[in-house]
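Engineer: The residues making up each chain are set out below.
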Amino acid sequence: MNQYHLRKSFSALLATAAFGAGLGLSVAAAADLTVARAVDADSLDPDKTSTTQSLQMTNLIFDTLLTMDKDGSLHPGIASAWSVSDDGKTYSFTIRDGVKCHDGSLFDGAAAKARVDRAIDPATVNPDRSLWGPITSTSVDGNVLKVSLSEPYSPFLSFLTGIQAGFVCPSAFATADFKPIGTGPFKFVSWTRNDSLKLAANADYQNFNPMIENPGKPHIDTLTFKVIPEAVARMAALRSGEVDIVEPSLEETADLKSDSNFKVYAADLSGQQVLAAFSWKIKPLDNPEIRKAIGMAMNRDAYANIAFEGLVTTSSCPVAPRLFATDEALCASWGEKYDPEAAKAIMEKAGYTADKPLKIKLLAHKLSGWDQMHQIMQQDLAAINVQAEIETREVAAHFDHMSSENKRTDGEPFVWTMGMSGVDPDYLNFLWKQPGFVNMGLNEQVDTMVDAQRTLMGDARAAKIHDIEKYLLENAYTVPLLSPGWNWLMASNAKVDGFKLGFMVSLLFNDVTLKQ
Amino acid sequence: MLFLISRRVLVAFATVIVVIILSGLLIHVVPGDPVTAMMAQSVSATPEAMAEMRTRLGLDLPVWQQVLLYLSRVLHGDLGTTIRGNESVLRLLMQRVPNTFALAVSGLGLALAIGIPLGFLAAVNRGRLADTAVMFIAVLGVSIPAFWLGLIMIQVFALKLDWLPVAGSSWRNIILPALTLGLTYCALVARMTRSALVDVLEEDYIRTARAKGLRGHEVLLVHALRPALISIVTVVGLVFAYLLGGQVIIENVFSWNGIGRLAVQAMLERDYPMIQGFIVVFAVSVVIVSMLIDILYNFLDPRMRQK
Chain H
1 MNQYHLRKSF SALLATAAFG AGLGLSVAAA ADLTVARAVD ADSLDPDKTS TTQSLQMTNL
61 IFDTLLTMDK DGSLHPGIAS AWSVSDDGKT YSFTIRDGVK CHDGSLFDGA AAKARVDRAI
121 DPATVNPDRS LWGPITSTSV DGNVLKVSLS EPYSPFLSFL TGIQAGFVCP SAFATADFKP
181 IGTGPFKFVS WTRNDSLKLA ANADYQNFNP MIENPGKPHI DTLTFKVIPE AVARMAALRS
241 GEVDIVEPSL EETADLKSDS NFKVYAADLS GQQVLAAFSW KIKPLDNPEI RKAIGMAMNR
301 DAYANIAFEG LVTTSSCPVA PRLFATDEAL CASWGEKYDP EAAKAIMEKA GYTADKPLKI
361 KLLAHKLSGW DQMHQIMQQD LAAINVQAEI ETREVAAHFD HMSSENKRTD GEPFVWTMGM
421 SGVDPDYLNF LWKQPGFVNM GLNEQVDTMV DAQRTLMGDA RAAKIHDIEK YLLENAYTVP
481 LLSPGWNWLM ASNAKVDGFK LGFMVSLLFN DVTLKQ
Chain G
1 MLFLISRRVL VAFATVIVVI ILSGLLIHVV PGDPVTAMMA QSVSATPEAM AEMRTRLGLD
61 LPVWQQVLLY LSRVLHGDLG TTIRGNESVL RLLMQRVPNT FALAVSGLGL ALAIGIPLGF
121 LAAVNRGRLA DTAVMFIAVL GVSIPAFWLG LIMIQVFALK LDWLPVAGSS WRNIILPALT
181 LGLTYCALVA RMTRSALVDV LEEDYIRTAR AKGLRGHEVL LVHALRPALI SIVTVVGLVF
241 AYLLGGQVII ENVFSWNGIG RLAVQAMLER DYPMIQGFIV VFAVSVVIVS MLIDILYNFL
301 DPRMRQK
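Same order as they appear, the protein sequences are chains H and G. Going by my numbering, the first sequence opens with residue 1, and the numbers climb by one from there. Going by my numbering, the second sequence opens with residue 1, and the numbers climb by one from there.
Quick caveat, the hints were computed from the structure, so don't treat them as lab data. Check before you lean on any hint, since a few could be wrong.
Claimed, not checked - Footprint (simulated), chain H over chain G, 3 or more residues, beta carbon under 8 Å: (1) 156–168; (2) 183–196.
As the list claims (entries may be wrong) - Distance windows between CB atoms, simulated: (3) H:Ala81 with G:Val156: 58 to 66 Å; (4) G:Phe147 with H:Asp69: 54 to 62 Å; (5) G:Met94 with H:Ser258: 42 to 50 Å.
Each residue gets a CB set at the ideal place from its N, CA and C atoms; glycine is no exception.
Bound-form chain H, shown alone (with noise of 0.2 Å):
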């Protein structure tokens, strides 16, 4: 009887085996361009979401109203004109004629209209919802968007060709259950989260954008994302050829540049920044003699040779170089330059002496490259006599630990480190101005002049960033360090060809073809 029971327990076993397995299968995937990232987007409603891995998703599904040059230049996209009114508050758009979204419906001025008012409604509660800027309201005539604000907003025409702008059909948010329905290259098709998402060429695409070659339809038909979180399974994975485009690690890179079977790109266009900032409220720090010091003792091109294996360059601006009126040049005049010994003496005329070092925190989130990175730079601060202790923290943990961390006004001091990315300078805005991200904002005249570029336009507006760069350098305020920094690089087969990295980071397929 008892025997009966398990072997019965036991054929049980095998079938709801069997059965298990049978319920996770899928079919094969058919041929196309596979892609294998670290991490799956967290939505594809581009209204829900800010992180990079998700927006670079997004900016297949999803055009933009305008597009950028390599040079920073304003260009048409969805739309085909643009102005803009002497007072600076009201802006016009032409929507292009013709513009088809993926399930058929036309987009045009109402749909550009239903988008903008999405993207702003506090219902929304859209993470992205400030860089739209101070909008009122919108209206429509004919092919005519028409957006007013309540003050000027320079940052407002860049904003729209970024990924976090992406233009939603009105047919995705018809209903509660969002559908990734655009007017870009590819076509939804299906994503099982943290598993693969797959895309489809968009057969009626047209394209406006400058980076790109191809006028129409991708050149390959289907795109499929996978995610493999381990690098080493993902490197694997690129090698084996069941896929041809990765997120590759860090360290492997390197040997991959130098093999011909494989190609390295890097992000140049990023718009990312890595900058190291102090607790300027904490005794010594908030005197800029020693946070100047401890600038000068970070050597910065140890940190993009040898911590970033050569695949980044040092920046001097508190913005990313490429980005509009960023000129490393004149940063590099304002900022501090690498001189240990001067910094030494600094330090020991104020006190610190090998003996009797300043104990300070160096606080970083886990990223490879950047634990390299502060590994260098604790060393280069014991040789000014400042005692590091390096604390490390996941992504959110980190930010969320700074912006308590921020508020301090005693205790043991810090200096820590952060990335920021953009595709417009007006960025000093939101981490600068009072409270800051993270309350990382200084004063009241940084306050002025972050709000005063954004009313100001071309070389008026120029002029008023480099005010700010300046002032943030010559009081020590951040340490510029490197560009990019952060999921900047990617890795194909030497069979893929085409294959382009945009601002922020953008994945374009458009001109991709694969030689057999």
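With chain H fixed as given, assemble chain G onto it according to the hints.
Structural biologist: Structure of chain G alone, referenced to chain H:
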């Protein structure tokens, strides 16, 4: 028997309620704020917008109110929606439960298929070469980290031999992770089987059976196996319950889309509803499995029924 089962079900239900309350509470002890986490990576919202989002997500309510609300919703079958993506937590978890279940069952199946015969072999040949060899393999199995074994499997079977894929969701993808799990846990099963059998083989009734002139395999299979199974079942049950919580490392190495990976992702993103949902689903599976083990004991060991 019926009384016993209903008592177990009641205890299980009470345990689940306690776990739901604890998961609701624990989440507030862990450092980290979901709204900051959402905004962490790029140019994002103003502090006002963050405060507004906090209100919308109910994070400004007193903790006890949040916990009670959560308890009542879970008991109505609603695990809430994720902070990121606004999707049903239950649906996301249920999409992955079959994958985790398939991996747990196949991994454990392999561990049993390899571990029990090895344990038998070692117990019967106690002190001899076969025993030493099996125990050596067992020590090796326990000491080799699963992620390392997994990566070696990928190097050998996917990269060098090109027999199996590295990542994906087809049936061929389960082979490598299941094999890795099987090899990792077979060591534990073999050790357990050996020690259980060694104990049983020293019992008086085994000596009696032998004295009656029963043949070796009859003694083993008829008289020794069933009592030995009791401790094997305990271990298997515990391992199975553990595996149902998702093999985070194995799932990551082989990109297997199970609930373990979902949970880790949610933890990194501070997605409270998702983490709570995972804890509830994990707790329910552990409770169900241990309940089934208790019931299985009664079939295996008549003495338990009398108790």
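Engineer: Next step is simple, just say for each hint if it's right about the structure.
Structural biologist: These are the hints, each one checked on the structure:
1. Residues of the segment 156–168 of chain G with a Cβ under 8 Å from some Cβ of chain H number 7, which satisfies the need for three, so the listed coverage holds.
2. Three residues within the 8 Å Cβ limit are the bar, and the segment 183–196 of chain G against chain H gives 0, so the coverage statement is violated.
3. Evaluation of the 58 to 66 Å hint for alanine 81 (chain H) and valine 156 (chain G) yields a pass: the beta carbon distance comes to about 60 Å.
4. For phenylalanine 147 (chain G) paired with aspartate 69 (chain H), a C-beta distance near 45 Å fails the hint of 54 to 62 Å.
5. In this structure, methionine 94 (chain G) and serine 258 (chain H) meet the distance hint of 42 to 50 Å, their C-beta atoms being roughly 47 Å apart.
Of the numbered hints listed earlier, those contradicted by the structure are 2 and 4.
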